[in-house]
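A.B. asks: Sequence:
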Amino acid sequence: MNVPLLIAGILLLALTAGDFAFTTISANRTGPLTRGAAAIYWKVFRLLARLPGESAALRLAGPVVMSGVAFVWLALTCIGWLLIFRSDPGSLVMKSTGEPADWASTFAFIGSALSTVGASNVQPSSALWDNLSTVAAVSGMVVLTLSVTFVLNITQTVAQGRGFTVLMRIRDPLNDRHDDILLPALADLCIRLNASPLALYYSSSRWERGLPESLNWLARRVARSPDRFRHYRYALQELPFLAVDADDDPEGFLEAMQEWARQFSLHEWPAEN
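In numbering that gives the first Met the number 0, the protein residues as written are 0 to 272.
Please note that a few of the clues may not be correct.
Said to hold, decoys possible - So the derived label-pair ranges between C-beta atoms look like this: (1) S224 / I190: 20 to 26 Å; (2) R223 / M140: 48 to 54 Å; (3) P51 / S95: 50 to 56 Å.
If you're looking for bench data, these hints aren't it; they were derived computationally from the structure. Glycine included, C-beta positions come from ideal geometry on N, C-alpha and C.
Starting from the given sequences, assemble the full structure and let the hints guide the process.
C.D. replies: Here you go:
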């Protein structure tokens, strides 16, 4: 038994499972692995957006970031189980010869177990490893199922955000008669974004239809009415990763909003913004 491999596999599985659970079912932003992976993909797309034909980067950013995050979850789960099974070279044997499986065959077995396909040329050598292969299959099913559900929640939040960007252009936030429509919709959207911040990585081909850009525009427009601005500010403070202080003056809040919006934007900003 290779104890270091076993410990490494268990720790990797625990870290991945914790990050995955925190991101998908906690309704409280994202785990550190997810946040780090998404940030790396996003930096790549920010570089690509500067190249000619940036519209492709705008269309692909959100789906690629989401797919990349899901890939990280699956890859780390697979590696974790691979290390656990390889901690005992005799944990798996070839069906045809009974010889111990090598790294490649073990990897193929783990992949088939996690995908619940079950098609492999190797088999567990004992009841212990047979039971662990069942646990691996269950963990793979959970990751795949919750990943699909999580992606669905993200796309629903994206659709809601795009609907709100259209609504705020129709119902001008400068007009206080529209507060009864805009404020509830804004509060609901900000809470959903706080629970599903990866939705912010979905861009629009039009600057004025981008969600971060539109929320920044909303804040600046309604700030012209100080009495009403505090209500909008209270909702906007729920946005994920918005670094604001409760004691910030309106100008400080607007500066923080603009910095936040730029962080999640692939567009070149007009000079006045």
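A.B. asks: All the hints need checking, so say for each whether the structure fits it.
C.D. replies: Hint check:
Between S224 and I190 the CB atoms are about 23 Å apart, so this pair conforms to the stated range of 20 to 26 Å. Checked against the hint of 48 to 54 Å, the C-beta distance between R223 and M140 comes to roughly 53 Å, which is consistent with it. Between P51 and S95 the Cβ separation comes to about 55 Å, which falls inside the hinted range of 50 to 56 Å.
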